[in-house]
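Enquirer: Whole structure, please, built from the sequences with the hints as guidance.
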Amino acid sequence: MSEFALETRNQLVGLFGIVERNVYLTKRYFLWDVAFMVWTIANTLTIVFIARSIPSITPAEENTAATALLVGGTIWAFLGIIFEFMTETVAWERWEGTIEYTFMAPLSRLVHLFGQGAFAVLYGLIRATILFFAVAAFIGIHTPNANYPAALGLLALASLSFIGVGIMTSVLPLISPEKGAQLGFVAQGIMLVVSGVYYNVDVMPGWMQAISKISPATYALRGCRASIINGAGMQWADVWPLLIIAVLATPIGLAIFKVGERHAKKHGKLKRSG
Amino acid sequence: MSTFAASTTDPASRPDRQAPAVEVRDLRKTFRRKDRSAGRFKRKRPWPALDDVTFTIARGECVAILGQNGSGKSTLVRLLSTLLIDDGGEARIFGHDVVKDASTIRRLVNRVSVEASFFKKMSAAENLSYAARFYGMTPHQTRKGVPEILNRVGFPAERRGEAMENLSRGMQQKVALARALLTSPVLLLLDEPTTGLDPRSKLEVQEFIRQVRAEHDATILLCTHDMAEAEALSDRVGLLDRGRLLFLEPVEDVKRRFGVQTLEEAFFAATGREFEAEPNDDDEYREVFG
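Those sequence lines, one after another, are chains F and Y.
Residue numbers for the first sequence follow my numbering, beginning at -5 and rising by one.
Residue numbers for the second sequence follow my numbering, beginning at 842 and rising by one.
It is possible that part of the hints are untrue.
Each pair of labels, with its calculated beta carbon distance range [to be verified]: (1) F/Q176 x Y/T1036: 29 to 37 Å; (2) F/V180 x Y/R873: 24 to 32 Å; (3) Y/T1112 x F/R103: 39 to 47 Å; (4) F/K260 x Y/R1085: 32 to 40 Å; (5) F/W26 x Y/Q1052: 40 to 48 Å; (6) F/V241 x Y/T1112: 57 to 65 Å; (7) F/Q176 x Y/D928: 26 to 34 Å; (8) Y/T1036 x F/V13: 28 to 36 Å; (9) F/V241 x Y/T1036: 45 to 53 Å; (10) Y/P988 x F/A(-1): 27 to 35 Å; (11) Y/S1009 x F/Q176: 29 to 37 Å; (12) Y/R1085 x F/S102: 31 to 39 Å; (13) F/R103 x Y/P988: 29 to 37 Å.
Computed, partial: chain F to chain Y, Cβ under 8 Å [claimed, not checked]: (14) F10; (15) A59; (16) L104.
In the SDA-like style, the derived pairs of lysine to any residue whose C-alpha atoms are separated by at most 25 Å in a straight line are [what the hints assert, rightly or not]: (17) Y/K961 x F/Y192; (18) Y/K985 x F/Y18; (19) Y/K875 x Y/D1082; (20) Y/K885 x F/Y18.
Bear in mind the hints are in silico, worked out from the structure with no lab data behind them.
Bear in mind the structure is a predicted one, so any value in this text is a computation, not a measurement.
Beta carbons: idealized from backbone N, C-alpha and C, even for Gly.
Expert: Encoded structure:
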């Protein structure tokens, strides 16, 4: 086997290891996952019920409003999982004490972080699917025109961007062990608020609308709403920004992470706590 | 040493057989610590963790570095593990620079630290499989390799599936040794591997280190503050004091040089201080989490 093939094989085994570890942890914390799932469903219901309280609208308009809110709630939950997994990549390992062993292992940082992102996307998709159909069934939302493959395709494309942005935020706990994770949550909140989670972006002030253009969630939300409510296919207007962000976000995120890792190694921050 | 991971090691990361296992020259590392005496307006001041440290370890040798808490032992291990970047000098492992060739070094080195450091909810077998994946070991390889290595360190088979948090410190440290050996390192860094263990577990771990030495072609750097352990396990003993390596010689040479009977007396002769446990003065920790 050539050196390149051997190294590629080893890295793929390492990527599998990251996903496998998260599967083990999910099994061990299964009841917590169930509890969080119930909490997320309840939280989303509180938002979707708002559609029922809008006065003077027809049942069809109410169904459309409820669906739009549900899509927002579902994508919020999906994104939240990806950001949580990515931002806490370092924080978890530091807390468990394994950070030094992971960072001294011969696994490329791209594979390490991408493995974490890959599991987050899979896990997030499962949760988002359960959430969507549980709330839709509970409220009685009808989506007769929904184009689910197009919505899933957009989410898959957006996931690449989300992982890239997540890699950027995952460096924060490496630079500042205590404040980093907090900053990651702040970044996640800002990204979601400017992306039109429960509203159109044009209701926001101009400066927020400008920021929304660089958020992949803006295009994922707009595209998914169009697919589920109107049955639209993947629209080029949503696809091309997601493609560009996906292509740029991961290398930029990785470059930022490497600078952060070097800083941590220089200042002795790559070590355990707890 | 077991060859579980040998087939997954690429040719570039094979050790240079001509080069010493470890070659450290004028190595320096300085952290910044808060000056507690400065009161409310604390300022950070430089604190040398390693101060022009120079030594060589031959292939197959076991060298013990003695030192009190805060003497720089862990900083040395972390530099050799590619977890720190030095401020000057150089460190090479089998001819590879630890900073420039970090990815190569990572296939050659593994370590056991004072804290076992595992995912606490995962079992011993799961933790070992996870660690082994990073070194290219597939599920097929770990299905055979993990039980074998756990058996070798004397870990009971019926507890392989038990969460790490339910195991004693001694058991956890055995799993840590198994993790380090599973990846077939040619350099094993042991950073206080028996600290905090009960006497029986301590003897078991020491016996296993002897076995590894006797049976395999591994070089061992043992950092400890246990003088008896250093004397019993190593070919040469070094003394690291406040970041400076005062000597690195066979124990008998040390005793002869200072005209003393014990390593404790040698420490006193070399430093003018008693060798006793100092308060935990982990300044790196203070800088990061303080």
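Enquirer: Are the hints correct? Go through all of them and say.
Expert: We went through each hint and held it up to the structure:
| no. | hint | result |
| --- | --- | --- |
| 1 | F/Q176 x Y/T1036: 29 to 37 Å | holds, 33 Å |
| 2 | F/V180 x Y/R873: 24 to 32 Å | holds, 27 Å |
| 3 | Y/T1112 x F/R103: 39 to 47 Å | holds, 41 Å |
| 4 | F/K260 x Y/R1085: 32 to 40 Å | violated, 22 Å |
| 5 | F/W26 x Y/Q1052: 40 to 48 Å | holds, 41 Å |
| 6 | F/V241 x Y/T1112: 57 to 65 Å | holds, 59 Å |
| 7 | F/Q176 x Y/D928: 26 to 34 Å | holds, 30 Å |
| 8 | Y/T1036 x F/V13: 28 to 36 Å | holds, 34 Å |
| 9 | F/V241 x Y/T1036: 45 to 53 Å | holds, 49 Å |
| 10 | Y/P988 x F/A(-1): 27 to 35 Å | holds, 29 Å |
| 11 | Y/S1009 x F/Q176: 29 to 37 Å | holds, 35 Å |
| 12 | Y/R1085 x F/S102: 31 to 39 Å | holds, 36 Å |
| 13 | F/R103 x Y/P988: 29 to 37 Å | holds, 31 Å |
| 14 | F10 | holds, 6 Å |
| 15 | A59 | violated, 42 Å |
| 16 | L104 | violated, 12 Å |
| 17 | Y/K961 x F/Y192 | violated, 39 Å |
| 18 | Y/K985 x F/Y18 | holds, 19 Å |
| 19 | Y/K875 x Y/D1082 | holds, 21 Å |
| 20 | Y/K885 x F/Y18 | violated, 42 Å |
Of the numbered hints stated above, those contradicted by the structure are hints 4, 15, 16, 17, 20, listed in ascending order.
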